[in-house]
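Q: Line by line, the protein sequences give chains A and B.
Quick note on numbering: numbering that gives the first Met the number 0 labels position 96 of the first sequence as 95, and the sequence is numbered without any gaps.
Quick note on numbering: numbering that gives the first Met the number 0 labels position 232 of the second sequence as 231, and the sequence is numbered without any gaps.
Worth flagging that the hints you see were computed from the coordinates, not collected in a lab.
Fair warning: there could be bad hints in the mix.
[To be verified] Okay, derived cross-link-like pairs now, SDA-like style, lysine to any residue, Cα gap no bigger than 20 Å in a straight line: (1) B:LYS22 <-> A:ALA149; (2) B:LYS22 <-> A:LEU20; (3) B:LYS61 <-> B:LEU163; (4) B:LYS51 <-> B:LYS61; (5) B:LYS108 <-> B:GLY81; (6) B:LYS108 <-> B:GLY149; (7) A:LYS185 <-> B:ALA18; (8) B:LYS22 <-> A:SER37; (9) B:LYS22 <-> A:LEU31; (10) B:LYS22 <-> A:ASP26.
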Amino acid sequence: MNWTVYVREKMRVLFSLDTWLPTELPDYAAGLLYTLGSLTASSFVILVLSGIIMAANGPQWWTISSVGFYLRGIHFWSVQAFFFFMILHLLRVFFSGAWRGGRERTWMLGTLALLVAIPTAFTGYLMRGDFYSQWNAVQSKDGLNALGFAWFNPLNAGQMYGLHVVVMPVILGAIIAVHIAFIRIKGVVPPYPSHEELQETLHEEVH
Amino acid sequence: MRHYHPRIDVTHRYRYVPADFVKHLLSTTLVVAALTALLSGLFHEPVRPALKIDAYATQHPKGFLTVALGDLNGTGAIANYGPPYNHGTGSVQDIIQQWVGVIHPVYPKQAFVLEPLAYAAHLDPTLTPALNQFTHASPAQQALWERAFGTALDHARVQGSHVLLPGGAYGPVGTMMQGLLHLGQSGLMTGALDRSPADYQFDNQNALLFLQGHPLHSAAKKLELEGNQWGIIHEERAPYPGPWWMTIVTAIYQLPFIANASAADALALGAGMVVFLVLMFAPWIPGINRLPRLLGVHRLIWRNYYATHQADSSDGPSVPS
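Here chain A stands alone, though its shape is the one from the complex:
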């Protein structure tokens, strides 16, 4: 297939309304356990919105203004909510064996989102401008330096600011977006078949 046709075809599915705003779901994908992923994504939305307001006002704002202080409180509790719902979502999908039926990439992207979210949050902790930021900057540098990541300099507030407000959230947001698209395209993993259904399917396959 011509690669431009391939890209067009993929984009058509990726950006379709059916992918992002479906009108029907499998009946097994119901209940509170199936809102954990959405709650994680919603926490990310609140993180981005509160982050945009904070970034627009500059890094001093949230340390000296009462409104800024309130906003950073929202940002703080949003990241707590983000990881809280993400870990519950991770547990739900793990115990569901969510990689079955050709959904391995969906699982990998989800775990990758967790991995990328950790330094994204960490750079944010370095932006608090308090003792916690100082301490974690000096503590983390040794491990980063030892692993060859000295380019990532937690003592350089300018670099950490840029990474935290633009680079990391854009990467994380893209991973989350493709993860969600894969969930929709592949469908939410169906339950394990019962013993009886399994026997029937195997019987059909033999014949």
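Here the structure of chain A is known, so what remains is to put chain B in place on it, guided by the hints.
A: Showing chain B alone in chain A's frame:
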């Protein structure tokens, strides 16, 4: 053992039911917005004021001079750190660190002592002769003065924010160190340390490296924030939640054979990465990829589904295309 198979791995007996995703996503976003707005209003965010050089120099003048002397005579942790800051060997954990090289150059004798003192000499001209005498002396002579100052500092008395040094053959180093203490107490030292060639300040590396040894460690220890105190995931103000999502790496740090290793940081972060890779590649790892089926938690997750569908096989497969 059977291989995974899309046909036999998943059930084919289910129906599609109407769903309103606009309402669903709006609801979850509003729930999180309301929750975080409420929590911020009630509890805000924990803040513990930063450790400032002027406060430290005023409250711990002898500690300040000890740090500064380590920077001057090259025995300090950063003076002897190694890449990416300089060519020391004290904190080099592995070959990768050396391979990256000196990409954030910091030479504390110059950057933490002599250059800040050169700024201070503009405000206090009595420092200039001492600085000139020191910089024009041989390295051997400088070392003799530094050693004598170290001995005097061991026997010094602290009176308020002053350090009263006994006499000794420390030459100009006494004047220089007292001048640096005054600079530290004035509040101007952070600026002198972090002054960039471009004049705009975006980088606070040197001020943090100046404080990173005893000043920050002693403050952190009291707050149980050190690495061997599960410090990574501790919030500085309990009971606020800290970054608990780093629990696995923090737990690895508590293992004695890692905590006591010379390359503790590299080992702990490396081991954390291995744990993550196991999670990421779980679908392909024999045993782990079948674990959810064996554990049976899915029967609780799909309790209602199993109760309605699989009990009554007359439902039959009903998968829309």
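Q: Each of the hints needs a verdict: does it hold here or not?
A: Do the hints match the structure? See the list:
1. B:LYS22 <-> A:ALA149: violated (45 Å)
2. B:LYS22 <-> A:LEU20: Between LYS22 of chain B and LEU20 of chain A the Cα gap is close to 10 Å, so the pair holds against 20 Å.
3. B:LYS61 <-> B:LEU163: The hint holds at about 9 Å.
4. B:LYS51 <-> B:LYS61: Holds, at roughly 16 Å.
5. B:LYS108 <-> B:GLY81: Cα-Cα ~14 Å, so holds.
6. B:LYS108 <-> B:GLY149: With Cα atoms ~15 Å apart, LYS108 of chain B and GLY149 of chain B stay inside 20 Å; holds.
7. A:LYS185 <-> B:ALA18: Holds: LYS185 of chain A and ALA18 of chain B sit about 17 Å apart, inside 20 Å.
8. B:LYS22 <-> A:SER37: holds (12 Å)
9. B:LYS22 <-> A:LEU31: holds (15 Å)
10. B:LYS22 <-> A:ASP26: Distance of about 18 Å is within 20 Å: holds.
Hint compliance for this structure: hint 1 alone is broken.
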